[in-house]
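Visitor: Please work from the sequences and hints to get the whole structure.
Protein sequences appear in the order of chains F and Z.
Counting in my numbering, the first sequence runs from 1 upward without gaps.
Counting in my numbering, the second sequence runs from 1001 upward without gaps.
No lab work stands behind these hints: they were computed from the structure.
Fair warning: this is a prediction, and the values are worked out from it, not measured in the lab.
Hints are not guaranteed to be accurate.
Unchecked claim - In silico DSS-like links for lysine-lysine, alpha-carbon gap of 25 Å or less:
hint, chain 1, residue 1, chain 2, residue 2
1, F, K22, F, K44
2, Z, K1101, F, K71
3, F, K36, Z, K1101
4, F, K22, F, K36
5, Z, K1101, F, K67
6, F, K22, F, K9
7, F, K52, Z, K1101
8, Z, K1101, F, K44
9, F, K40, F, K19
10, F, K44, F, K71
11, F, K71, F, K9
12, F, K52, F, K41
13, Z, K1049, Z, K1069
14, Z, K1101, F, K22
15, F, K52, F, K40
16, F, K40, F, K9
17, F, K52, F, K36
18, F, K36, F, K9
19, F, K9, F, K44
20, Z, K1058, Z, K1069
21, F, K22, F, K71
22, Z, K1049, F, K44
23, F, K40, F, K71
24, Z, K1049, F, K36
25, F, K52, F, K67
26, F, K19, F, K52
27, Z, K1101, Z, K1058
28, Z, K1069, F, K71
29, F, K71, F, K52
30, F, K19, F, K44
31, Z, K1101, F, K40
32, Z, K1101, F, K41
33, F, K19, F, K41
Said to hold, decoys possible - The following residues of chain F were derived to be distant from chain Z, with all beta-carbon distances above 10 Å:
hint, residue
34, L11
35, S39
36, R63
What the hints assert, rightly or not - Only part of the chain Z face toward chain F is listed, based on derived beta-carbon distances under 7 Å:
hint, residue
37, F1014
38, F1034
39, Y1039
40, G1043
In this text, a Cβ means the ideal position worked out from N, Cα and C, and glycines have one as well.
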Amino acid sequence: DTAVSQTPKYLVTQMGNDKSIKCEQNLGHDTMYWYKQDSKKFLKIMFSYNNKELIINETVPNRFSPKSPDKAHLNLHINSLELGDSAVYFCASSPGFDGYTFGSGTRLTVV
Amino acid sequence: AQSVTQLDSQVPVFEEAPVELRCNYSSSVSVYLFWYVQYPNQGLQLLLKYLSGSTLVKGINGFEAEFNKSQTSFHLRKPSVHISDTAEYFCAVSERDSSYKLIFGSGTRLLVRP
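Guide: Written out as structure tokens, the structure is:
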């Protein structure tokens, strides 16, 4: 059983399109996150939800909107995709300060 | 605000040699410290963590790290590396507040040669 699963694994789309990435965790953790890893492997936090409540919202364009229907799911919707959005997006969950469990990532390529 | 510095972008080493990957952090409050490993085209896997207590922390795959508060460092070591240890290694810090936000260093690529 995968602890943190993301779909899709790969996403190739054209500029201007709208796309969503889904994330689900079966660990019973209260907190979930989205991270972006750029082409230089740098990881930056985007959002965090604790029990469906948004607690971290870093400086991210308004085109990115997270949605958490319940504490086991955190989806990421991106409007009007741009070339610079190409990256690997990681979902993660944690029970608190004990460290994160990461999903395997979604490689988004905007052409 | 906290930050993490990994000075070495790449560390080449021969198989069975020892290795140390350096990590320094900056924070005005107490922190939790972590090392993660990322194999090609995979997610990040937790290697080890320092939360409190003994400053020498042992993790998976024979890795260990030592927390040095005075030098604000958390260097990762392994006495004898294998080809399979070739991967990207990330140091991360979380301040002891309620957000549990992890801030990552820029990563160090460990390249193990036969």
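Visitor: Could you tell me which of the numbered hints above are not met by this structure, giving the numbers in increasing order?
Guide: Per hint list: 12, 15, 23, 28, 37 and 39 violated.
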